[in-house]
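*Asks:* Listed below, chain by chain, are the residues.
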Amino acid sequence: MAERNRHWVRPYLLPPLFFLIAYTTPYALLLANYGVALAVDSYTLWVFGFTVAQALLSAALSLAGGFALLPAYLRLPWARAVALVPFFAPALSTVDALIRLHGDVMYSPWGVVLAHGVYYAPYAALLLEANARSIPADLLDAVDLYARRAAARLRIFMYELRPAVLYSFYTVFVFSFLSFTTPLLLGGRYPTLELLVYIYATSFASSNLVSTTVLLTLAVSLALAIPFFKLPAPPSAEQAPRPPRVGAVALAASAAVLAYYVILSFYLFQPLAQPRGLGELVQPLTTSVLVAVLSATASLMAAISFLVAESAGERHPVAIYIVAISLSKSLFALGFFHLAQPLYGTALILAAAHTLVITPLAYSLIKPAWEKIRQDVREACVLYLGPFKCVSRIATEMLGPTVLQTWLMSLASSLSETTLALILTTGGSETLSAVAVRLLTSRAPDLIETGHFYSALLATMVLATLAASRLVKTRPFTI
Amino acid sequence: MSIRTILAVLAVVAAVVAVYLAFTAFQQTTAKKLVIVGPAGIRDLGVALAKKFSEKYGVNATFVPLGGAVEMVNELVRNRDNPPWDVAIGVPEFYYTVLVDKGVLYCPDLKVEGVPREEFWDPHHCVYPLDKSYIGIVYNATALERLGIKPPETLDDLLKPEYRGLVTYPNPVQSGTGLAVLSWVMSVKGEDEGWAYLKKLAGQISKVGYPSGFTPLRNALKRGEVLVALSWFSHAIDPGTPHMKASTYSAFLYREGVAVLKNARNRELAVEFVKFALSKEGQDLVDPYNYMLPVRPDAVVKNNIGLPQPKSVVVYNPALGSKADEWRLRWQREIATG
Chain A
1 MAERNRHWVR PYLLPPLFFL IAYTTPYALL LANYGVALAV DSYTLWVFGF
51 TVAQALLSAA LSLAGGFALL PAYLRLPWAR AVALVPFFAP ALSTVDALIR
101 LHGDVMYSPW GVVLAHGVYY APYAALLLEA NARSIPADLL DAVDLYARRA
151 AARLRIFMYE LRPAVLYSFY TVFVFSFLSF TTPLLLGGRY PTLELLVYIY
201 ATSFASSNLV STTVLLTLAV SLALAIPFFK LPAPPSAEQA PRPPRVGAVA
251 LAASAAVLAY YVILSFYLFQ PLAQPRGLGE LVQPLTTSVL VAVLSATASL
301 MAAISFLVAE SAGERHPVAI YIVAISLSKS LFALGFFHLA QPLYGTALIL
351 AAAHTLVITP LAYSLIKPAW EKIRQDVREA CVLYLGPFKC VSRIATEMLG
401 PTVLQTWLMS LASSLSETTL ALILTTGGSE TLSAVAVRLL TSRAPDLIET
451 GHFYSALLAT MVLATLAASR LVKTRPFTI
Chain B
1 MSIRTILAVL AVVAAVVAVY LAFTAFQQTT AKKLVIVGPA GIRDLGVALA
51 KKFSEKYGVN ATFVPLGGAV EMVNELVRNR DNPPWDVAIG VPEFYYTVLV
101 DKGVLYCPDL KVEGVPREEF WDPHHCVYPL DKSYIGIVYN ATALERLGIK
151 PPETLDDLLK PEYRGLVTYP NPVQSGTGLA VLSWVMSVKG EDEGWAYLKK
201 LAGQISKVGY PSGFTPLRNA LKRGEVLVAL SWFSHAIDPG TPHMKASTYS
251 AFLYREGVAV LKNARNRELA VEFVKFALSK EGQDLVDPYN YMLPVRPDAV
301 VKNNIGLPQP KSVVVYNPAL GSKADEWRLR WQREIATG
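Line order of the protein sequences matches chains A and B. Residue numbers for the first sequence follow my numbering, beginning at 1 and rising by one. Residue numbers for the second sequence follow my numbering, beginning at 1 and rising by one.
Where hints are given, some of them may not hold.
Okay, derived cross-link-like pairs now, EDC-like style, lysine to aspartate or glutamate, Cα gap no bigger than 20 Å in a straight line [said to hold, decoys possible]:
(1) Lys275(B) x Glu119(B)
(2) Lys222(B) x Asp41(A)
(3) Lys207(B) x Glu280(A)
(4) Lys323(B) x Asp104(A)
(5) Lys245(B) x Glu119(B)
(6) Lys102(B) x Asp41(A)
(7) Lys222(B) x Glu145(B)
Computed list of chain B residues with no C-beta within reach of chain A, every gap over 12 Å [unchecked claim]:
(8) Gly58
(9) Val77
(10) Arg146
(11) Ser312
Computed beta-carbon distance windows for the label pairs [to be verified]:
(12) Glu145(B) x Val36(A): 58 to 66 Å
(13) Pro368(A) x Val19(B): 27 to 35 Å
(14) Gly306(B) x Thr25(A): 54 to 62 Å
(15) Lys33(B) x Ala39(A): 42 to 50 Å
(16) Leu251(A) x Ala196(B): 56 to 64 Å
(17) Ala39(A) x Glu193(B): 27 to 35 Å
(18) Tyr20(B) x Ala380(A): 39 to 47 Å
(19) Ile21(A) x Gln27(B): 28 to 36 Å
(20) Gly58(B) x Ile21(A): 21 to 29 Å
(21) Asp141(A) x Arg333(B): 54 to 62 Å
I should point out that these hints are in silico values taken from the structure, not numbers from a laboratory. Don't be surprised by glycine CBs; every beta carbon is placed ideally from N, CA and C.
Please model the entire structure based on the sequences and the hints provided.
*Replies:* Shown next as structure tokens:
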């Protein structure tokens, strides 16, 4: 058996190994191209400090928003769908809607925090809800019976919700730290490190400036990955016999926060009422769809090949996934730019880049479904059919709906992606998201109006794709 | 339909898309066509030159707009090994040395008849003169009169309290016009006093902030969102901005050129384009489509007939060229971020 396993591991290791090489080469190329220089000046330090501060405040605001939305999530079945609209819409569309809703305040340093807070609060609420629903019924009954004081009840709930609080705080901190589109659309006056690298690489000829920020960003984003290995994931909601009780006052306050998300969603889609720039829309729209179809399918295939590798006893895909979600995307994009030189500006190279960045997402969606299949069944399947046959022929059939969902979510992710599209297709085959960002940051009123329409159209396409993915019903995993 | 069938269909569709994208990528990278790149503000001239050149030479020439002039220059540097463009127009005089230093340009040393010697400003013979005009103080005369404010004459006038929230100039990090404004201020006031001036001026800037280039600024002027700008004198004769007038006390001479990219896929054709752009036929398009003055004395000038003439002209000092990046960086840090 051990001998057989060794033979399996080698060929099945190739896809994750290829992915690892393809994913890390752009970073290596970037360092090779700009050289290694660490001359941190006061401005870079200021940007670093601002990036950390806004990420901490964004995480705190998202968590507060998450707690505010929690009662609505627990009591109103439709609340989640409403609140998650701005979260699942492309970041550029949500930020654009926030600018139209709140006006000039969004261009202050608080605008970045507000945008992140509003964007991630529904996500934090989702984690908190799952955690709240997993609290054992007997504990809830005991609290109802014996904990009379509100403070005592709160302490018990907070203790129980600790995994979700920690996980959501840290993930939002990382997402906000690596934020690119939000500070870019908010005028770039208060850049994050991610945006500073982009500004330096595209707007200044000096490579020393880029080199320092590249090193700093790379070091920090690698450091950010480490806690993901240690942090316990919040429990899933499925064991919930009954959710905790929610008082009328808490529900009313939560409904008010929910109303804010309804208004924001209205602003998100409002520009659709005034179509503009339809003649110029065809080319970027076609490019976006073709790139999304190709990259979503390729990401799916790559994620399935990771499962094959894992079922053959290879554990590296998990590490690849964690590192991939925390590494800087703008650094990847700049490095990939150098790697992709012969094909710069083509949709093909953008599809390849999207495949690399979306594969970790596809893998993270398929893996839990794979793990829900009983371990003895999985082992027997792998033992008698071999990893490839087992995963591709039997497991794929069982996980079929999940695979389809994953494809649709990868499609939506590719459609919304902005950083790579901006850096790799300038002056060539631009996607709808890249064109929308260019228009929205142009500061020309006519062009900005067209940008609003493109951004709303993009949000509609992405949300329709995600809604379609929810129509696919997953099945219980039994043989 | 079983899931396996759906997946098979997806794989086939993806394979077809991959083949199609590979084919278009192949076409994009090998097609015999001339791609002209330039700042968005020069789009009309770029399109007109491309059209006329295509008709005359029977080739497929297209114009690609690429942000502001400075953004374009840095994109040219970033893409120097494999540029998707062949020839650049609208290369600003005070931000072209970086292209020469980084080996981005092909320097053919062309002999061009009909363009006066004094119009050639690049001693390396890499960038050829295309057009020129003046940058100075322009203002919305009607709106200022309605507000009872006297039009500004000098840079120092703009710091007066009555102009608070009415002034702007293009972002020098993204726009050649903006960098020209910076060069003008530094040339007139010197560096220390120049930065102090720009910091004070930051308090006078209108709500639209610093527009990213010519077109956004023109739109802001058209809509009355900005009443006073440090920008082109041509705003004063542009029918799109009928209320604008220019303060003729002093102005900065802005010159821009055309250059062939060293690694252009169609370099020979690009050289022909440069010759065409400097010919009478090409220069005749400058005034009607770009509101700039042609460099050939025999070229048609209709739009610029009433262009205000400054009493004194500040010209570009080549010694300042190496400071452009330093200034832009400092501006981004100290002025844009506040």
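*Asks:* For every hint, state whether the structure bears it out.
*Replies:* Going through the hints against the structure:
Restraint check: the Cα-Cα separation between lysine 275(B) and glutamate 119(B) comes to about 15 Å, which is no more than 20 Å; the hinted pair holds. Distance check on the hinted pair: lysine 222(B) and aspartate 41(A) sit about 41 Å apart at the alpha-carbon level, beyond 20 Å; violated. Distance hint between lysine 207(B) and glutamate 280(A) is unfulfilled; the C-alpha atoms sit about 29 Å from each other, more than 20 Å. For the hint pairing lysine 323(B) with aspartate 104(A), the CA-to-CA distance comes to about 33 Å; that exceeds 20 Å, so the pair is violated.
Restraint check: the Cα-Cα separation between lysine 245(B) and glutamate 119(B) comes to about 27 Å, which exceeds 20 Å; the hinted pair is violated. A distance of roughly 25 Å separates the Cα atoms of lysine 102(B) and aspartate 41(A); the hinted pair therefore is violated under the 20 Å criterion. At most 20 Å may separate the alpha-carbon atoms for a hinted pair to count; lysine 222(B) and glutamate 145(B) meet this at roughly 17 Å. At roughly 25 Å from the closest C-beta of chain A, the C-beta of glycine 58(B) stays outside 12 Å, upholding its exclusion from the interface.
Chain A draws valine 77(B) into its interface by the beta-carbon criterion, the shortest separation being 5 Å against a cut-off of 12 Å. No Cβ of chain A approaches the Cβ of arginine 146(B) within 12 Å, the least distance being about 21 Å, so the stated non-interface status holds. With a least CB separation of 31 Å from chain A, serine 312(B) remains clear of the 12 Å interface cut-off, as annotated. At roughly 59 Å, the beta-carbon separation of glutamate 145(B) and valine 36(A) lies within the given 58 to 66 Å, and the hint holds.
The hint said 27 to 35 Å for the Cβ distance between proline 368(A) and valine 19(B), and at roughly 34 Å that hint holds. Checked against the hint of 54 to 62 Å, the C-beta distance between glycine 306(B) and threonine 25(A) comes to roughly 58 Å, which is consistent with it. Taken as a hint, the range 42 to 50 Å holds for the pair lysine 33(B) and alanine 39(A), whose Cβ atoms sit roughly 43 Å apart. At roughly 57 Å, the beta-carbon separation of leucine 251(A) and alanine 196(B) lies within the given 56 to 64 Å, and the hint holds.
Taken as a hint, the range 27 to 35 Å holds for the pair alanine 39(A) and glutamate 193(B), whose Cβ atoms sit roughly 28 Å apart. A hinted range of 39 to 47 Å for the beta carbons of tyrosine 20(B) and alanine 380(A) is consistent with their spacing of about 42 Å. Under the hint 28 to 36 Å, the C-beta atoms of isoleucine 21(A) and glutamine 27(B), about 29 Å apart, fit the expected range. In this structure the hint that glycine 58(B) and isoleucine 21(A) lie 21 to 29 Å apart at CB is violated, the actual value being about 47 Å.
At about 60 Å, the CB distance of aspartate 141(A) to arginine 333(B) agrees with the hint of 54 to 62 Å.
Hints 2, 3, 4, 5, 6, 9 and 20, counting from the list given before, are not met by this structure.
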